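*Asks:* Given next are the chains, with one letter for each unit.
Number of protein chains: 2
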Amino acid sequence: MSTQQVAFLGPEASFTHLATQVLFQHEKLVPLRTIPECIEAVTSGKVDIAVVPIENALEGTVPLTIDYLYHEANVSVIAEILAPIQQHLMVHPSNVKRWEDIQTIYSHPHALAQCHKYLSYRFGKVPLEQSTSTSAAAKYVSENEQNCIAAIGNTSAATEYGLQIMEHNIHDFHFNHTRFFVLSKMKKSIWQAGHTKQVKTTIMLTLPKDDRSGSLHQVLSVFAWRKLNLSKIESRPLKTGLGQYFFIMDVLEDDQVPMMRGAMEELAALGCEVKSLGSYYTYETKESAD
Amino acid sequence: MSTQQVAFLGPEASFTHLATQVLFQHEKLVPLRTIPECIEAVTSGKVDIAVVPIENALEGTVPLTIDYLYHEANVSVIAEILAPIQQHLMVHPSNVKRWEDIQTIYSHPHALAQCHKYLSYRFGKVPLEQSTSTSAAAKYVSENEQNCIAAIGNTSAATEYGLQIMEHNIHDFHFNHTRFFVLSKMKKSIWQAGHTKQVKTTIMLTLPKDDRSGSLHQVLSVFAWRKLNLSKIESRPLKTGLGQYFFIMDVLEDDQVPMMRGAMEELAALGCEVKSLGSYYTYETKESAD
Numbered sequence: 000m001s002t003q004q005v006a007f008l009g010p011e012a013s014f015t016h017l018a019t020q021v022l023f024q025h026e027k028l029v030p031l032r033t034i035p036e037c038i039e040a041v042t043s044g045k046v047d048i049a050v051v052p053i054e055n056a057l058e059g060t061v062p063l064t065i066d067y068l069y070h071e072a073n074v075s076v077i078a079e080i081l082a083p084i085q086q087h088l089m090v091h092p093s094n095v096k097r098w099e100d101i102q103t104i105y106s107h108p109h110a111l112a113q114c115h116k117y118l119s120y121r122f123g124k125v126p127l128e129q130s131t132s133t134s135a136a137a138k139y140v141s142e143n144e145q146n147c148i149a150a151i152g153n154t155s156a157a158t159e160y161g162l163q164i165m166e167h168n169i170h171d172f173h174f175n176h177t178r179f180f181v182l183s184k185m186k187k188s189i190w191q192a193g194h195t196k197q198v199k200t201t202i203m204l205t206l207p208k209d210d211r212s213g214s215l216h217q218v219l220s221v222f223a224w225r226k227l228n229l230s231k232i233e234s235r236p237l238k239t240g241l242g243q244y245f246f247i248m249d250v251l252e253d254d255q256v257p258m259m260r261g262a263m264e265e266l267a268a269l270g271c272e273v274k275s276l277g278s279y280y281t282y283e284t285k286e287s288a289d
Numbered sequence: 000m001s002t003q004q005v006a007f008l009g010p011e012a013s014f015t016h017l018a019t020q021v022l023f024q025h026e027k028l029v030p031l032r033t034i035p036e037c038i039e040a041v042t043s044g045k046v047d048i049a050v051v052p053i054e055n056a057l058e059g060t061v062p063l064t065i066d067y068l069y070h071e072a073n074v075s076v077i078a079e080i081l082a083p084i085q086q087h088l089m090v091h092p093s094n095v096k097r098w099e100d101i102q103t104i105y106s107h108p109h110a111l112a113q114c115h116k117y118l119s120y121r122f123g124k125v126p127l128e129q130s131t132s133t134s135a136a137a138k139y140v141s142e143n144e145q146n147c148i149a150a151i152g153n154t155s156a157a158t159e160y161g162l163q164i165m166e167h168n169i170h171d172f173h174f175n176h177t178r179f180f181v182l183s184k185m186k187k188s189i190w191q192a193g194h195t196k197q198v199k200t201t202i203m204l205t206l207p208k209d210d211r212s213g214s215l216h217q218v219l220s221v222f223a224w225r226k227l228n229l230s231k232i233e234s235r236p237l238k239t240g241l242g243q244y245f246f247i248m249d250v251l252e253d254d255q256v257p258m259m260r261g262a263m264e265e266l267a268a269l270g271c272e273v274k275s276l277g278s279y280y281t282y283e284t285k286e287s288a289d
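As you go down the protein sequences, you meet chains A and B in turn. All the letters of the first sequence, read from the start, carry residue numbers 0 to 289 under numbering that gives the first Met the number 0. All the letters of the second sequence, read from the start, carry residue numbers 0 to 289 under numbering that gives the first Met the number 0.
Next up, chain A with everything else stripped away, as it sits in the complex (with noise of 0.2 Å):
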């Protein structure tokens, strides 16, 4: 059997490729530099695999991940990926004696706002400068010895420029965490070891009439009597004017109680028009050694 594709959210040493190398060790790992690049790689067939973010647990939902898999793919979710977001702030091994007198920090935007409080207390005068990825503005970094500037990022960025880590855990919030969906035009869902219990369900549906609290209403009691736990809701715009959403609700149940099947066709009957994206298990990562 020949290696199997998997395309990332690069660049390489993103946190999406941390995600991604725990789940899939010995296969070809593809990065590319958008969200509808990694999905249209999968959905044409020139990668087998593909590993986004869809959720973060300070900013919230990815917007790109779950429009695009609403409104122009079609594929599956087969594993989720649950994996601790921690930042370092690293500069060149040359600025090492300088540190603290840093005089421009650069990183994604996510990630200066992850670390507002310690960037506003402990660098407080210092400009920040915002770049497309954690893993560019360490490249960058590595790329400017003679500037005395520095980069938040994750050990695997300081590790592939060759930075050193002068602060470990400078972000504000320890239990951050990203969500990441392993994508597949196979139906069939990841099982190995290290999943969780439970089997994770994710559909997409829009209500069937105007009637905002009544229908919704009716959705959810489709859940609640049968005791299906979500364990998230949220809406989002179907860009066919303000008002109108469609909702991504994931269903928690136990292997061995699969009431999915009578709640989906229940569903149909009150007139929802619902997408499955999957049923899949749960991968968590440890936090690493640093």
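Calculated directly from the structure, the hints in this document are not laboratory data. Treat the hints with care, since some could be wrong.
Which copy? The list can't say, so a pair holds if one copy fits it or any two copies do.
Cross-link-like lysine to aspartate or glutamate pairs, in silico, DMTMM-like; alpha carbons within 25 Å at most [unchecked claim]:
1) LYS238 to ASP171
2) LYS124 to GLU71
3) LYS116 to GLU39
4) LYS238 to GLU283
5) LYS226 to GLU272
6) LYS124 to GLU39
7) LYS238 to GLU36
8) LYS226 to GLU265
9) LYS274 to GLU264
10) LYS238 to GLU58
11) LYS116 to GLU71
12) LYS238 to GLU166
Here the structure is a predicted model, which means the values were calculated and not measured.
Chain A is fixed; fit chain B onto it per the hints.
*Replies:* Same frame as chain A, but now just chain B:
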């Protein structure tokens, strides 16, 4: 009575500026750089009123606004403004004759996304550069006459920076609107000519316990049996861990049937933590002449 000061998300000629001018013709308008700065200016009493974007028909809720209103601020919504979003392609007057040979197109990432189809069809090979606002893009183009470059923005930006519009209404979706919240420390809603018939109330709530299908179902019952229509329901992360959310709901009611008081009491009795942002009218602005 002294003139009221109204902060808005700047810079001058931004879409928020356009919307603010419709409702506030005689007040002193103060452009501020970020959404938190606008909200802080109201909270601290530096200004009387602030206008910030809350939701776009394509992009969805503006997370920064909703999160700041939930976690950080204690202000009321006293009106909302609904404004159409129209994007135009503009160049420096010196470059009118060679506008079809544009080398680079500048705009805010949302505006570039909103014109995605036009841009890929008409200028598929021209690089796109991100700017911090549509207005900043127009300013940059006005200051770089020697380069054959273009900006995407509104008519007000073209006027402000003396640019000439070469193509009107290049946005892909022609129903695109943005909602703006008018915020104040006073709880008194704005009531002047031109508002819509129905009163809207925005509430933010957390569910009483972890059984999400059951408790959200209960919460919606409160509205369903009263026939109160929810024009919006969304969830946002509580920032306390993945899968923990608060909900934003917009409830519509006719002036004559004030059912909200009973609903709020019942929500509290269920054990929800509820924060009301206030009850207010909607003001719709017309499409501009061109």
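*Asks:* Treating 25 Å as the Cα threshold, decide for LYS238 and ASP171: within, between, both or neither.
*Replies:* So LYS238 and ASP171 pass the 25 Å test across copies only (11 Å; inside, 34 Å).
*Asks:* When Cα atoms must be at most 25 Å apart, do LYS238 and GLU36 count as within-copy, between-copy, both, or neither?
*Replies:* within (21 Å within a copy, 29 Å between copies)
*Asks:* One pair to classify: LYS116 and GLU39, alpha carbons no more than 25 Å apart. Within, between, both, or neither?
*Replies:* between (38 Å within a copy, 17 Å between copies)
*Asks:* Go through the copies and call it for LYS238 and GLU58: within, between, both or neither, with a Cα cutoff of 25 Å.
*Replies:* both (21 Å within a copy, 8 Å between copies)
*Asks:* State whether the alpha carbon distance between LYS116 and GLU71 is at most 25 Å within one copy, between copies, both, or neither.
*Replies:* between (38 Å within a copy, 14 Å between copies)
*Asks:* Given a CA cutoff of 25 Å, do LYS124 and GLU39 count as a within-copy pair, a between-copy pair, both, or neither?
*Replies:* between (42 Å within a copy, 20 Å between copies)
*Asks:* First find the shortest C-alpha distance between LYS124 and GLU71 inside one copy, then the shortest across copies, and answer within, between, both or neither for a cut-off of 25 Å.
*Replies:* between (44 Å within a copy, 23 Å between copies)
*Asks:* Is it within, between, both, or neither for LYS238 and GLU283, if the alpha carbons may be no more than 25 Å apart?
*Replies:* between (34 Å within a copy, 19 Å between copies)
*Asks:* Within a copy, between copies, both or neither: where do LYS274 and GLU264 come within 25 Å Cα-Cα?
*Replies:* within (12 Å within a copy, 37 Å between copies)
*Asks:* Are the CA atoms of LYS226 and GLU272 at most 25 Å apart within a copy, between copies, both, or neither?
*Replies:* Both, since 22 Å and 23 Å are each at most 25 Å.
*Asks:* One pair to classify: LYS238 and GLU166, alpha carbons no more than 25 Å apart. Within, between, both, or neither?
*Replies:* Cα proximity of LYS238 and GLU166: across copies only (23 Å, versus 43 Å in one copy).
*Asks:* What label fits LYS226 with GLU265 when the C-alpha limit is 25 Å: within, between, both, or neither?
*Replies:* both (15 Å within a copy, 23 Å between copies)
Going down the numbered hints, you'll see the structure goes against none, and every one checks out.
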